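A.B. asks: The chain contents come next:
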Amino acid sequence: MIPYNVIQTLIINILRVFLVRQMMELFLSGDDTEGRKTQLGFLAYYLVTAAAYAAFGVSLFYEVCNYLGMAGLTTLYRCPWKRRLWTSLAIFSTDLACFLAVYFAYPQKSLAFGPAIPTLLFLICVTVISHISDPADGREDSLDKRQLCILLSIPAASILILCVLLYGGLEGTEALLICAATLMVNLCVFYLYHLMAENYKNLRENDLYRQQTYAYQNQLEVIMESQGRMKALRHDMKNHILALQALLQKRDWEEADRYLSDMQDFMSNPAEYVATGDDTVDSLLNYKLQRAKEVLNEVEAKISIPEKLMLHSFDLNVVLGNLLDNAVEAARQTGEKRLKVSLKLEKGVLFLCVQNSCRGIAEGKVGRLESTKADPSAHGIGLENVRKIVEKYHGDMELSCENHRMQVDAILYVKEM
Amino acid sequence: MAIHTVNADTLAVSCKWDIPREEKVMYRIGICDDDKALCAGLEEQIYRIAKEMSVKADVEVWYCGESILRDLQNGVRLDLLFLDIELLQQNGISVGRFIREEMEDLQTHIVYISSRQGYAMQLFRIQPLDFLIKPISDGQLREVLARSLKQRQDPGRFFAFQKGGSLRRIPTGDIAYLMSMDKKIRLVTKDGEEEFYGKLKKISEDLPEDFLMIHQSYIVNQRYVSEYTYDSVRMWDGTLLSISKPYRKAVRSKVREYGRAGTDDTL
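Line order of the protein sequences matches chains R and G.
What the first sequence shows, in my numbering, is residues 1 to 417, in sequence order.
What the second sequence shows, in my numbering, is residues 418 to 684, in sequence order.
Read the hints as simulated data drawn from the structure, not as lab findings.
Just so you know, these numbers come straight off a predicted model, no measurement behind them.
Each hint should be verified, as a subset may be incorrect.
Stated by the list, open to error - Across the chosen pairs, the derived CB separations fall in these ranges: (1) R:C188 - G:G535: 53 to 63 Å; (2) G:K619 - R:R78: 33 to 43 Å; (3) G:I550 - R:H235: 24 to 34 Å; (4) G:D608 - R:M267: 41 to 51 Å; (5) R:G277 - G:S661: 35 to 45 Å; (6) G:E611 - R:M267: 50 to 60 Å; (7) R:S400 - G:L523: 29 to 39 Å.
Where is the CB? At the ideal position from N, CA and C, for every residue including glycine.
Construct the entire structure; sequences and hints are all you get.
C.D. replies: Shown next, in the form of structure tokens:
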């Protein structure tokens, strides 16, 4: 017959593993393509911790197993190692604090009850934390070193305190208080993390809005320039008419033709690449293409979209801005320095295609591109944001790279024609 | 005897042979613009480029919206129409709408030409092949002409099926969508319907790339789709067909690729 408390431990450990998973999914973005692998990972974690608990109870060995298991689990998620380290430490210290708090509160009974009470306490903590935090899909942080140190030091120090408690011979109310305080601090660190992430998001948004403002300003200049040219032409119209009349009387067709095309050239504003009538699109594209033209040899744009797009201007800004920035950056590093953008609306679908010359990366279709940016922690954030917007509009995106040509091809459903 | 007939009916096959037709068919191109000089220039440009591309083109010119509408009502058909947006009385939008809505003609490729950028939403509903800004360069014209020709290719492909013991053939370009109902398949063309026995999945393998399977019982011809959303398509006649969940991902990438195929993809 299997002893009653072993079964109890096994069942309660299921709940604990489930809670750990929920916490991880709160802070690490889940990758649904590897769902099976994740499930197997959690199963292994469950078996190891259950075995360690059954053999040693609450002990250093069990806790080491527990932490290594959590650290291993974080590798199943696709995100920077910093965030993995932080998540595993924070979850572990919360878990440990819960165990020890109960252990010190009921030194004798805790053995009889097994892990039930600590796990319930853990459940409460997880519930509180999940109310504090955003769902993981909004997460796009890249913490700098100082922030990371602060964030890491709190759970690390808590773990140290708890270990000392466990072996320091302190007992009774004092130990319980220390445990409770540590638990509180740990809950606070989750909130701190949440604030930092929020702050980071705001900074990024600010950045985007600042860019948009520059773009609008630029657009205003472009419009004024165009109008100025028209005005100048109108001012001289009388002279032009006289000159043309003279040429026509002389029957000098060629010269008249040349004169007319000169007039046309004079009217057209080289800074005005795009004039769809949609202010957001015009300003953004004119701004970006103007910048691109400064560093690239060949910039081409083919835009056929209506004056009003059923698309949030912020979203379009994220998509076009990021893709153009990436493309210009990549093209700048090549000899050809070419860029081509096309944007068209057809049957309720917005087709977007950005092509540029690039140094050879992996050939063929690429899921996630290696960035050439200096700061490796900012890798792929831009593209990741584009992907999110594309998903928001139920669209589809493909990146490909062959023959030193990079191409991003995306569609967004904008319906409401 | 009855069983035998059913067997014959389930035999739906698609054939890829070409019908015998003239070596070169006239490509009927129309220009409608109130600027006579521009029309003359464009006409000359088209003839020259068509000759370069060894296409036999026949260009016809109208100077106002009313006259082209009259001719279209009298049965004049075009393959490609360059249409000015800013025509005087009947503007480009109303001419386009007349072609698409009154005449229910999706086959004529409309290329809008305009002297300014910036297009109204209504223009997009007419599903133009392209928008060009005057003056139109040879390169642009060549590209548009090539695209129009390419989309009109494949006239020789036929879809064949057995019905009542006899083999029926329909040009694939005329099929708007296919719908399976029990063991029968309903085939909707631009001007009618047919029913026969068959398996939709099997048929989908034999259809050209214009066709898109959006549901286990619907296949649509993308040329007859007037609007896409992520979970449904609206056909040219207003029928709304839903895209079922398992097909959505594939449909998305097909729509993306199909739409891209329409543009020149060289850098």
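A.B. asks: None of the hints should be skipped; say for each whether it holds.
C.D. replies: Hints versus structure:
no.: 1; hint: R:C188 - G:G535: 53 to 63 Å; in the structure: holds (55 Å)
no.: 2; hint: G:K619 - R:R78: 33 to 43 Å; in the structure: holds (40 Å)
no.: 3; hint: G:I550 - R:H235: 24 to 34 Å; in the structure: holds (25 Å)
no.: 4; hint: G:D608 - R:M267: 41 to 51 Å; in the structure: holds (49 Å)
no.: 5; hint: R:G277 - G:S661: 35 to 45 Å; in the structure: holds (38 Å)
no.: 6; hint: G:E611 - R:M267: 50 to 60 Å; in the structure: holds (57 Å)
no.: 7; hint: R:S400 - G:L523: 29 to 39 Å; in the structure: holds (31 Å)
In the structure shown, no violation is registered for any of the earlier numbered hints.
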